[in-house]
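2 protein chains.
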Amino acid sequence: MTQLPDASLSRLFNPQAIAIVGASATPGKIGAMPVSLLQQHGYAGRIIPVNPRADTIAGLPAVAALDAVDAEVDLAILAVPAAHAAQALERARPGQVGAAVVFTSGFSETGAQGAAQQAQLCAIARERGIRLLGPNCLGFMNVRRNVYATFSPAPANGVVAPGGIGMVSQSGAFGAYAYSMARERGLGLSHWISTGNEADIDVADCIAWLTHDADTRVIMAYMEGCRDGAKLRRALAGARAAGKPVVVTKIGRTQAGAQAAASHTAALAGDDAVYDALFRQYGALRARTIEEFFNLGYALDTWKHPPQGRRLGIFTISGGVGALMADEAADTGLALPEPAADTQARLLQRVPFASGRNPVDVTGQAVSEPGLLLATADDMLADGRYDALAVFLAAAGSSETLWPTFEAFARQMQARHPGVPLAISALFPPARRRELERLGCLVFPDPSAAVRTIGAVAGLAAHADSDAHDESPAAAPADTPPLLDAYNEVQAMALLRQAGLPASPCALAADADAAVRAVAALEADRDAASGGVPVVLKVVSPDITHKSDVGGVKLNVRGEDAVRRAYADIMAAVRQHRPDARIDGVLVAPMAPKGVECIAGVHCDPVFGPVVMFGLGGVFVEVLKDVSFRLAPFGRDEALAMIREIKGYALLQGARGAPPCDIDALADALAALSRYAHARREDFSSMEINPLLALPEGQGVVALDAVVIRGEEAS
Amino acid sequence: MTQLPDASLSRLFNPQAIAIVGASATPGKIGAMPVSLLQQHGYAGRIIPVNPRADTIAGLPAVAALDAVDAEVDLAILAVPAAHAAQALERARPGQVGAAVVFTSGFSETGAQGAAQQAQLCAIARERGIRLLGPNCLGFMNVRRNVYATFSPAPANGVVAPGGIGMVSQSGAFGAYAYSMARERGLGLSHWISTGNEADIDVADCIAWLTHDADTRVIMAYMEGCRDGAKLRRALAGARAAGKPVVVTKIGRTQAGAQAAASHTAALAGDDAVYDALFRQYGALRARTIEEFFNLGYALDTWKHPPQGRRLGIFTISGGVGALMADEAADTGLALPEPAADTQARLLQRVPFASGRNPVDVTGQAVSEPGLLLATADDMLADGRYDALAVFLAAAGSSETLWPTFEAFARQMQARHPGVPLAISALFPPARRRELERLGCLVFPDPSAAVRTIGAVAGLAAHADSDAHDESPAAAPADTPPLLDAYNEVQAMALLRQAGLPASPCALAADADAAVRAVAALEADRDAASGGVPVVLKVVSPDITHKSDVGGVKLNVRGEDAVRRAYADIMAAVRQHRPDARIDGVLVAPMAPKGVECIAGVHCDPVFGPVVMFGLGGVFVEVLKDVSFRLAPFGRDEALAMIREIKGYALLQGARGAPPCDIDALADALAALSRYAHARREDFSSMEINPLLALPEGQGVVALDAVVIRGEEAS
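These protein sequence lines are chains C and E, in that order.
full-length UniProt numbering puts the first residue of the first sequence at 1, with every later residue one more than the last.
full-length UniProt numbering puts the first residue of the second sequence at 1, with every later residue one more than the last.
Don't take every hint at face value.
Pairs involving identical chains hold if they fit within one copy or between any two copies, as the list cannot separate such chains.
Within a straight-line C-alpha distance of at most 27 Å, the following computed DSSO-like cross-link-like pairs (lysine-lysine) qualify [unchecked claim]: (1) 554 - 594; (2) 625 - 554; (3) 625 - 647; (4) 625 - 594; (5) 29 - 594; (6) 594 - 231; (7) 547 - 594; (8) 647 - 231; (9) 244 - 231.
Treat the hints as calculated values from the structure; they're not laboratory data.
Take the sequences, apply the hints, and build the full model.
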């Protein structure tokens, strides 16, 4: 992942000369806003108003068109109606203009005519080597360099401080709101970018570019859809490899939301479960709400490093609120290990009615005895059993009298335990809050939000490491034969074996003799079990779906005579019920061993390619929709993660007195399936292995049946 | 529910004369705080410092002890060490003191010695007819009357405005924090009460009293446990009957939280699922976090009436954020009906690229065209299809230029559609925000929080109405015979029939003849089906649990000969496998019809009495713990709610091609079970009906087996 930053985007986002086409001196006009913002905030480069009906604008000499500019223009801001945008860009000399930001709407978001106008604009830009941001966007801001290439009213109400967060939003309104929220919450931004219609530059391009931007430590992205799945994957993988966390809000989590999204934007909202899989897989943190979006961005920006693991210490002066925080920790999957026994004993010596377990409750005594806070918290962290510390100071936090105590506490805890990031919950006055944040300490008025945020970011780095080798999973299986037009059960099983999945041995018998031979072969495989292997016989026919209903299945058949009888019975019954059915023969397979029935599937997402699904059989998939997804290909670690993700996971661990299943083998099977699907991604459209039987630990898994659909046949 | 308010609490919370025992002039002492707060805030009653070592305190004449006060004392504040508290109270003349607030700790929360001290204090108070708040509490405040009977530092950092929220907290630290939060968020309080150790007055008492308090519209309660379940139920029922919503935070939702709670407080944390059932059943809104606690309190206090139903209109100037809000609405179970077709058409005429569906997106055009907002939102609500409206104004909300537009919008929408409460999301400056709130409009910076809060409070009133008759469900079944010491299957089925539950017909046969007669009786019941009813025969023995393992079960037996043979086979097999087993006979029952297997149970909670559980059989209960609870007794509506609450509910609605189940009959069965359990609550400790078979619609339910445990036998 050693891509270079896209130089054309660097020129766009850090321009030395900006021309504003449609520049205006009339306040409120979209062509007036960037001129005044650039001037007002002291942009150091050259500002060139372009307007054929004015000599000067805002004190700057204006020119009539781009080609009248005497120099190179890194950035042309087009603040002219849609109908004139292409025309304006056409006036650029070859090589003169690096990039254009197109504010105006009336392009592809409005229908066919607008789409044609957008295509024309793109063509002209491409011809001239001009990168395009927008159209129908609010532009961008490079906060540190005072580049205000925007007509958003948000900076007019106050600008954000320069900082480490690179923010990119497909939606201008969301972006403007997020800008204002960042200002209110005191978060510093490096860049703010709105991508609008994404005729050229999209959110993925911006994530990739921000990954290389030295000013950016954390990327916050808002998206509604994506047209180039591979590019987005590369961008997220690149950010993770560079250690720049990505927080993302993607609308359309629910059907209602997706419907709303589809009516709003021209972009494909896509199948949300696939986006969810993508974000999990590449360690991007998905925020469900604007508040969560900011809590995550805030934590990742303020803390130098997120917690290394999921062991949380809770330190409180209120036992009740400590319990609330413990509730939240349990919800978010954080562990709450107890302090060492001697640490607990020392605490109880100091504060007789304290609670020495975790939550550690030093009670209100901490307020009257200033040294207590630091001494006990320091003791708690001394032996390295916590990855983060969440502190609740109750109403005492608002006390100016106690401020020196709290400030010293935060400063010294950070100094003594630099590997344990600190979050404090209290109602500090804003200025005090900023002081603590400057020390690298998070402050949340709501202690549960503190814990929830820790839960979301904890172990982010560890995850990135352990999965790094999953990025290049073992090469796809060697060339496999081309896919058939249709698969019967026996062929499907053979295909699974090619893909490296353990499939139940089975054979297609065209007559009773063949069936007997097939059974003998199965027995030979099994070290000639005495008394014969019990087998199942099933009719195989492209015309018969419900085999049992036509007498087409015989279970637990044992011995040659029984096999012959079963074969004859099946044939007779099927011919009677379905005289017209084409019959391929009878499948012979050993009776399935005991295990937990799972389902594994692959479907090809139009944006992201093959996506692997996993779930448990029966009500789990059919009623509870309890499934997990990952984009192919992936390795065993990711497969284990997707197995653990389902709600019915306990069943695989050996619930109801059953032995635990061979979860490693299950993970290997899913990884193999993902590699095969990736290798053959052009060929087939979907596959479902049902059941994929998970056997007890050490015994592996076995696929019992599968359906393969090739090419465009699937819906 | 026409209780009178507790006059002794009225005297406590609205005292005319307050004595402070242990009053002090030294700032920071707990005996100094109430004196100075009462003086500073202009308490209108008499303040009497009690301190034998001072003549005057803070300019007021001091007395040596309570009996030196020349008049009645409505409230004595005890700010003396635990060891002296009882002694101080003992000095009161009979009938002189109405109530005492005991600040100091060192009582039951510290162990056996403290508990003895607390018992002594209680005895003295009881003798003298003195009500007790605390000990180990922060006292209380009557905000409107400036009664500051507290030593909490919270009011010293600024007092809250008087308002309609009555707040009661078992924990002082939580209470103080909540007080400060209320101040920061601009919420007005009527009373603030901390109950501490609850030696006498507990949270339930305070809820009941606040229900009668004319200044209180909404009750916000924090609790850690409860000792008198019946009192808490009465208090919640009373509040609901009076139309005063209760928002409650109860710690210990998760095992981690409950553990933390148990180590913090002397009160029983109890089984959290039971509290959850209690709150659902009595319409109290449970908040999981402090933020949610305040969002709910804020909404219920600001809106005159919560939304009547669950139909939400989303009105936005950003399609993307509209979709985020739609996601949240789906999560919280709100419906998003579309506006009428002509309303949509009118909107699209005005704003060509708007989205007329719900979310209705008027786009940024609303910012440049001020009349658009009101006109389109007004049109949207015109035909009464929404119960609440959530509006998102994006960054435009911070614009002072647009303020008159927004203010007029809020004012007119409220005036024209008083039945549709309004929530606006935008970053208004604090003063603007207050203006909107004064108009009765909610303001949330996070639009998802707005939707989530609407989802929590929507239909609260409707719920109260529809369930009102559940409060007094049909009388418990007429006297049933006393419980046996032990129940075999046949006796258990008979018990269920007594309880009014449909139980499978079955008989205990002591020999083969009896078995044949039992089958004949079953056939007679079924209108003499030709060919005989298929039956099941099962051995009945207190010594045999796994009947199948010893050959004790025969399924699908049909006809007299087969019945005799089955009986003989069972007896032979059981005698062979378990020669020592006591055998009651053989149970004869019809084969179970097709249906969905459910489980219904009752257990007796030590605090709240019989609690009914419902779930689906198999993995649902055993692996997914997918169950719901309600306190007995309850009616059909509540039973329906508990059935709909489980995640596997779709299975009862007819998933996987099966017909929908008779859910009404299932609800009736649960209600009958609850009535029976309530009527016999002294007798038995638990009962489990497994399976309770839900048959297709119109065919009822049937209990197939049950286990009954009486008295103290259960763990």
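Q: Evaluate residue 244 and residue 231 at a C-alpha cut-off of 27 Å and name the case that applies: within, between, both or neither.
A: within (17 Å within a copy, 55 Å between copies)
Q) Between copies, within a copy, both or neither: which fits residue 547 and residue 594 at Cα up to 27 Å? A) both (22 Å within a copy, 22 Å between copies)
Q: State whether the alpha carbon distance between residue 625 and residue 594 is at most 27 Å within one copy, between copies, both, or neither.
A: both (24 Å within a copy, 24 Å between copies)
Q: Check residue 625 against residue 647 for me: Cα-Cα at most 27 Å, and say if that holds within a copy, between copies, both or neither.
A: both (10 Å within a copy, 11 Å between copies)
Q.
Cα distance capped at 27 Å. Does residue 554 pair with residue 594 within a copy, between copies, both, or neither?
A. both (18 Å within a copy, 24 Å between copies)
Q) Which holds for residue 625 with residue 554 at a C-alpha limit of 27 Å: within a copy, between copies, both or neither? A) The answer is neither: 31 Å in one copy and 36 Å across copies each exceed 27 Å.
Q.
At most 27 Å between alpha carbons: which applies to residue 594 and residue 231, within, between, both or neither?
A. Neither, since 44 Å and 53 Å both go past 27 Å.
Q: Go through the copies and call it for residue 647 and residue 231: within, between, both or neither, with a Cα cutoff of 27 Å.
A: neither (32 Å within a copy, 38 Å between copies)
Q. For the identical chains here, do residue 29 and residue 594 meet the 27 Å Cα criterion within one copy, between copies, both, or neither?
A. Neither: 73 Å inside a copy, 72 Å across copies.
Hint compliance for this structure: hints 2, 5, 6 and 8 are not met, and every other hint is.
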